[in-house]
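Student: Given next are the chains, with one letter for each unit.
2 protein chains.
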Amino acid sequence: MDKQYLSLIYKFFLVWSVSLNFLLFSLVISRNSELSWSKKAAAEAEAAASVSCSGHGRAYIDGFVLDGGKPVCECNGCYAGHDCSEVIPDCIADADSGNPTFLEPFWRKNAASSAIMVAGWHRMGYEFEDGSLTSKELEKQIRKLHATAGNAITDGKYIVFGGGSTQLLSAAVNALSSKVSSSPTKVVASVPYYPVYKSQTELFKSMNFNFSGDTMSWKRSSNSSMNFIEFVTSPNNPDGQLKTAILRGPNAKQIHDLAYYWPHYTSIPSPIDEDLMIFTLSKLTGHAGSRLGWAIIKDKNVYDRMVNYIDLNTYGIARETQLRALKLLNVALQGDGRNFFDFGHETMKLRWQKLRKILSASSKRFSIQELKPHYCTFSSEIRSPAPAFAWIKCNEEEENDCHAVLRAAKILGRRGRVFGASSSYVRLSLVNSQDEFNQLMHKLEMLVFEEATNSVVEFTLGDSEMRNRYYVPRNGTSASGKDSCESIEMAQINSQTCAAQ
Amino acid sequence: MDKQYLSLIYKFFLVWSVSLNFLLFSLVISRNSELSWSKKAAAEAEAAASVSCSGHGRAYIDGFVLDGGKPVCECNGCYAGHDCSEVIPDCIADADSGNPTFLEPFWRKNAASSAIMVAGWHRMGYEFEDGSLTSKELEKQIRKLHATAGNAITDGKYIVFGGGSTQLLSAAVNALSSKVSSSPTKVVASVPYYPVYKSQTELFKSMNFNFSGDTMSWKRSSNSSMNFIEFVTSPNNPDGQLKTAILRGPNAKQIHDLAYYWPHYTSIPSPIDEDLMIFTLSKLTGHAGSRLGWAIIKDKNVYDRMVNYIDLNTYGIARETQLRALKLLNVALQGDGRNFFDFGHETMKLRWQKLRKILSASSKRFSIQELKPHYCTFSSEIRSPAPAFAWIKCNEEEENDCHAVLRAAKILGRRGRVFGASSSYVRLSLVNSQDEFNQLMHKLEMLVFEEATNSVVEFTLGDSEMRNRYYVPRNGTSASGKDSCESIEMAQINSQTCAAQ
Numbered sequence: 001m002d003k004q005y006l007s008l009i010y011k012f013f014l015v016w017s018v019s020l021n022f023l024l025f026s027l028v029i030s031r032n033s034e035l036s037w038s039k040k041a042a043a044e045a046e047a048a049a050s051v052s053c054s055g056h057g058r059a060y061i062d063g064f065v066l067d068g069g070k071p072v073c074e075c076n077g078c079y080a081g082h083d084c085s086e087v088i089p090d091c092i093a094d095a096d097s098g099n100p101t102f103l104e105p106f107w108r109k110n111a112a113s114s115a116i117m118v119a120g121w122h123r124m125g126y127e128f129e130d131g132s133l134t135s136k137e138l139e140k141q142i143r144k145l146h147a148t149a150g151n152a153i154t155d156g157k158y159i160v161f162g163g164g165s166t167q168l169l170s171a172a173v174n175a176l177s178s179k180v181s182s183s184p185t186k187v188v189a190s191v192p193y194y195p196v197y198k199s200q201t202e203l204f205k206s207m208n209f210n211f212s213g214d215t216m217s218w219k220r221s222s223n224s225s226m227n228f229i230e231f232v233t234s235p236n237n238p239d240g241q242l243k244t245a246i247l248r249g250p251n252a253k254q255i256h257d258l259a260y261y262w263p264h265y266t267s268i269p270s271p272i273d274e275d276l277m278i279f280t281l282s283k284l285t286g287h288a289g290s291r292l293g294w295a296i297i298k299d300k301n302v303y304d305r306m307v308n309y310i311d312l313n314t315y316g317i318a319r320e321t322q323l324r325a326l327k328l329l330n331v332a333l334q335g336d337g338r339n340f341f342d343f344g345h346e347t348m349k350l351r352w353q354k355l356r357k358i359l360s361a362s363s364k365r366f367s368i369q370e371l372k373p374h375y376c377t378f379s380s381e382i383r384s385p386a387p388a389f390a391w392i393k394c395n396e397e398e399e400n401d402c403h404a405v406l407r408a409a410k411i412l413g414r415r416g417r418v419f420g421a422s423s424s425y426v427r428l429s430l431v432n433s434q435d436e437f438n439q440l441m442h443k444l445e446m447l448v449f450e451e452a453t454n455s456v457v458e459f460t461l462g463d464s465e466m467r468n469r470y471y472v473p474r475n476g477t478s479a480s481g482k483d484s485c486e487s488i489e490m491a492q493i494n495s496q497t498c499a500a501q
Numbered sequence: 001m002d003k004q005y006l007s008l009i010y011k012f013f014l015v016w017s018v019s020l021n022f023l024l025f026s027l028v029i030s031r032n033s034e035l036s037w038s039k040k041a042a043a044e045a046e047a048a049a050s051v052s053c054s055g056h057g058r059a060y061i062d063g064f065v066l067d068g069g070k071p072v073c074e075c076n077g078c079y080a081g082h083d084c085s086e087v088i089p090d091c092i093a094d095a096d097s098g099n100p101t102f103l104e105p106f107w108r109k110n111a112a113s114s115a116i117m118v119a120g121w122h123r124m125g126y127e128f129e130d131g132s133l134t135s136k137e138l139e140k141q142i143r144k145l146h147a148t149a150g151n152a153i154t155d156g157k158y159i160v161f162g163g164g165s166t167q168l169l170s171a172a173v174n175a176l177s178s179k180v181s182s183s184p185t186k187v188v189a190s191v192p193y194y195p196v197y198k199s200q201t202e203l204f205k206s207m208n209f210n211f212s213g214d215t216m217s218w219k220r221s222s223n224s225s226m227n228f229i230e231f232v233t234s235p236n237n238p239d240g241q242l243k244t245a246i247l248r249g250p251n252a253k254q255i256h257d258l259a260y261y262w263p264h265y266t267s268i269p270s271p272i273d274e275d276l277m278i279f280t281l282s283k284l285t286g287h288a289g290s291r292l293g294w295a296i297i298k299d300k301n302v303y304d305r306m307v308n309y310i311d312l313n314t315y316g317i318a319r320e321t322q323l324r325a326l327k328l329l330n331v332a333l334q335g336d337g338r339n340f341f342d343f344g345h346e347t348m349k350l351r352w353q354k355l356r357k358i359l360s361a362s363s364k365r366f367s368i369q370e371l372k373p374h375y376c377t378f379s380s381e382i383r384s385p386a387p388a389f390a391w392i393k394c395n396e397e398e399e400n401d402c403h404a405v406l407r408a409a410k411i412l413g414r415r416g417r418v419f420g421a422s423s424s425y426v427r428l429s430l431v432n433s434q435d436e437f438n439q440l441m442h443k444l445e446m447l448v449f450e451e452a453t454n455s456v457v458e459f460t461l462g463d464s465e466m467r468n469r470y471y472v473p474r475n476g477t478s479a480s481g482k483d484s485c486e487s488i489e490m491a492q493i494n495s496q497t498c499a500a501q
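Chains as they are written, first to last, in the working numbering: chain P, 1 to 501; chain B, 1 to 501.
The hints are simulated quantities; they were obtained by calculation from the structure and are not laboratory data. All figures in this text were calculated on a predicted structure; none of them were measured in a lab. Some clues are possibly wrong.
One copy or any two copies: either way a pair holds, since identical chains are not told apart in the list.
[Said to hold, decoys possible] Think about it this way: if two alpha-carbon atoms lie no more than 25 Å apart in a straight line, the pair counts; the simulated BS3-like pairs of lysine-lysine are:
| no. | residue 1 | residue 2 |
| --- | --- | --- |
| 1 | LYS136 | LYS298 |
| 2 | LYS136 | LYS198 |
| 3 | LYS357 | LYS11 |
| 4 | LYS198 | LYS179 |
| 5 | LYS136 | LYS70 |
| 6 | LYS364 | LYS70 |
| 7 | LYS40 | LYS109 |
| 8 | LYS70 | LYS40 |
| 9 | LYS144 | LYS40 |
| 10 | LYS205 | LYS179 |
| 11 | LYS70 | LYS140 |
| 12 | LYS144 | LYS70 |
| 13 | LYS11 | LYS393 |
| 14 | LYS40 | LYS140 |
| 15 | LYS349 | LYS393 |
| 16 | LYS157 | LYS243 |
| 17 | LYS393 | LYS243 |
| 18 | LYS393 | LYS364 |
| 19 | LYS136 | LYS40 |
| 20 | LYS349 | LYS109 |
| 21 | LYS298 | LYS144 |
| 22 | LYS243 | LYS349 |
Put together the whole structure using the sequences plus the hints.
Tutor: Below, the structure written as structure tokens:
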């Protein structure tokens, strides 16, 4: 009886175990058949993503690879070491470049839906199937995004892609300039203006157009026979103000640079419905390195001239970038864009709160731009703007080189004169990584506290061990005798950054 | 005894089954832990790749997606239908664009090693860690590739990336033009020349340079005080000849466009060691849609001016493109580049054999360029060139519009006049997909056979059922009464293709 019972138990377990065999086997088979050629690339990307950089950096698959086959960490400003765990002492806070990495955490959170796998044979040809250089699927997605954010009217308008907004700015100047007039079209912008308008217009030394400075100085001439192209940047770079065109009349044309007209940075009072509007992925999703911008154009002739320019200049932009943008905008659009835009807006709002709090402790030595709240149609509330840049002014007469004042306090901003303004202004970027923003706030706090107490104070960043190890007197050198931070920082801040927004 | 024996068998199988379960379970676990966030994108890419397009097309992840969620097939020229299985009757063979899709099969064969997974947060910033816009890893790979192919000396030279060679051509003209001379620098090229040299130079209407036609007409002036920039294209587009500079003297500078100086198309007699050499991924790996080119530059000042141009024009090129190129060149370099370059050369060699065989049946009505074999240092043998384009001449006086002669035979080439040559020449692209090449050969065969027999002949392409279904008389319309091929073809061949190499 006992044996029979045992036998029954064996039978029972055997049946159960064999069933489990089948189940597990089918699971193995199904997992196996799930992925084939793409597995290697996927595993490589995950391996790079899994490299620990202490939350102060990240490793990329195309980064420098160590002998062990692992890519090395690329650290945020003021962090160093193989895992970015070391704080560089007395380091300069770099707020020069408008590198929009504040959005990186959003994409890390949405890793699965924002990744793309590009096959070796993906879209090798010059053109898309319709003979154009632009993905119609991406174009559709862009139109949908503008309708969702409520920031621009795209109905009945043409869209052309370019290498960031950068390429589209010169394509637009080229397209709007008069071919028939004997004198070159005057390209103007309102002070303070994004300096690329000037340097790019002057680069080609074209007979069709030239840069003619501040818009205001031409206000009275706008009804003359002179031809004008006015850059209207709204919100403005550097000061975040919402702008409208100044020059009117039949010979004044406008390029509306709306790179920052998104709910991250500003309230959206109404959708813009202008003849030529330029946007960029950089300031929308933070993918500045992807170099994708788009122009929304009303007039077919202007569109044709811009397409012709892009054709002859670069023959369109990379297909893998268009694929990536399609995926990213897809994620941004989920839940009517709420998750994405709320993340952007909340981050920028908190940063501005922190900045205002620090500066409120200052006397009248420093001031920042005044920004008026507006009703935002996207969020259905009155919102204070939270622009990408703080436009700082040094108010004291003897501190008219504001850049030098901040530089002495180890803050690197962009000189006001670069924007056509006076040297008492400096632009500070607020869109960098959280680490870089924290460093900036830390240095600003030091500066303001120093003013309040009229004494040299050394605040610390990082843990106490690090502080003791690296403590250096103000304006002094590090314990090792070299101002290592200075040299590392200066190598990073080369002249190229001046072209980045 | 029997029962005991049975019980033993149960025990044996139970132990075996339980062990198998452990094994399968660990397999499931390991497979599960292998990939996480990247699985979705990998599965999407494989799903698109698995869409059957009958070998006459392919589906892309960013293509138009049907309701069922599957992307649709994009068919090779002259194929249609949801799975590209239908031959479009009496279709025009499009040999106009130099779309280098003949290399697609190589990348399909090397699917696992050529794919890339791009994380949502991959290189979002404007610059690389060193502050530049170019991947140093990719730069290293490019230098290695030139050393392997033996086609260019890169030692001690600078490298800058651009949006295809297209952007670098204008960057180079800009950098080499004189800033101080009172008269604009003359930009010249030898007839027949790649038409973009002219249209691009004229586009900017620069005061610094202008296009001044055929190099030969300036040969006697090259030692004057006039400044020249000479485009030297070797192998030449359109005729595949190896070229050297014509203008000499202190005021003559050269841009060496070496897009086709790879073992696919030509023997490599020796590495080129010029001051300014331009290459492109398009004609090397076939990834024309990725828009990546590079210039190899000797002089630091010229390099700086070109970098400045690229900065102000597009602020570099997409990071995902640089990642992709790194992966592709890695594959191309495997086994000292033998697999890759042999595939390219073998394909082109076979195409030229076929072309020559067909044309040899012709009388003197058509001729193609003469190309001399050279010793190739890469393959260590004497090789006949197999250039990307056939440069066809219609020899009969009454057929001086050669483009029209071929067009009547349903062959679309690029007019000789576009290249500054006479209208008795036509360029035919030999680098398109195998389908498109087959169509071209088929139409050429018809044309030559027609000449030989002096009668109208209808060859067929595709299976016999298709042939019967769609049979149409020459110059007639299709069975359905519409010349459907013509309209589809003409929609595909829009004006933009003229800018593609």
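Student: It remains to establish, for every hint, whether it holds in the given structure.
Tutor: Verification of the hints:
1. LYS136 / LYS298: within (18 Å within a copy, 41 Å between copies)
2. LYS136 / LYS198: Neither way: LYS136 and LYS198 sit 33 Å apart in one copy and 30 Å across, limit 25 Å.
3. LYS357 / LYS11: This pair counts as neither: shortest intra-copy Cα distance 74 Å, inter-copy 75 Å.
4. LYS198 / LYS179: Result: close both inside a copy and across copies, 20 Å intra and 18 Å inter.
5. LYS136 / LYS70: For LYS136 and LYS70, only the inter-copy Cα distance (17 Å) is at most 25 Å; the intra-copy one is 38 Å.
6. LYS364 / LYS70: Result: close neither inside a copy nor across copies, 51 Å intra and 63 Å inter.
7. LYS40 / LYS109: both (23 Å within a copy, 15 Å between copies)
8. LYS70 / LYS40: Both, since 15 Å and 24 Å are each at most 25 Å.
9. LYS144 / LYS40: between (35 Å within a copy, 24 Å between copies)
10. LYS205 / LYS179: both (15 Å within a copy, 10 Å between copies)
11. LYS70 / LYS140: Between copies only: 18 Å across chains, 39 Å inside a chain, cut-off 25 Å.
12. LYS144 / LYS70: Classified as between: cross-chain Cα gap 21 Å, same-chain 40 Å, threshold 25 Å.
13. LYS11 / LYS393: Neither way: LYS11 and LYS393 sit 84 Å apart in one copy and 85 Å across, limit 25 Å.
14. LYS40 / LYS140: between (32 Å within a copy, 23 Å between copies)
15. LYS349 / LYS393: within (21 Å within a copy, 68 Å between copies)
16. LYS157 / LYS243: within (22 Å within a copy, 46 Å between copies)
17. LYS393 / LYS243: within (20 Å within a copy, 60 Å between copies)
18. LYS393 / LYS364: This pair counts as within: shortest intra-copy Cα distance 10 Å, inter-copy 80 Å.
19. LYS136 / LYS40: For LYS136 and LYS40, the Cα distance is within 25 Å only across copies (23 Å; inside one copy 30 Å).
20. LYS349 / LYS109: Within one copy only: 20 Å inside a chain, 51 Å across chains, cut-off 25 Å.
21. LYS298 / LYS144: Intra 17 Å, inter 48 Å, cutoff 25 Å: intra-copy only.
22. LYS243 / LYS349: Cα proximity of LYS243 and LYS349: one copy only (21 Å, versus 61 Å across).
The structure shown violates the earlier hints numbered 2, 3, 6, 13.
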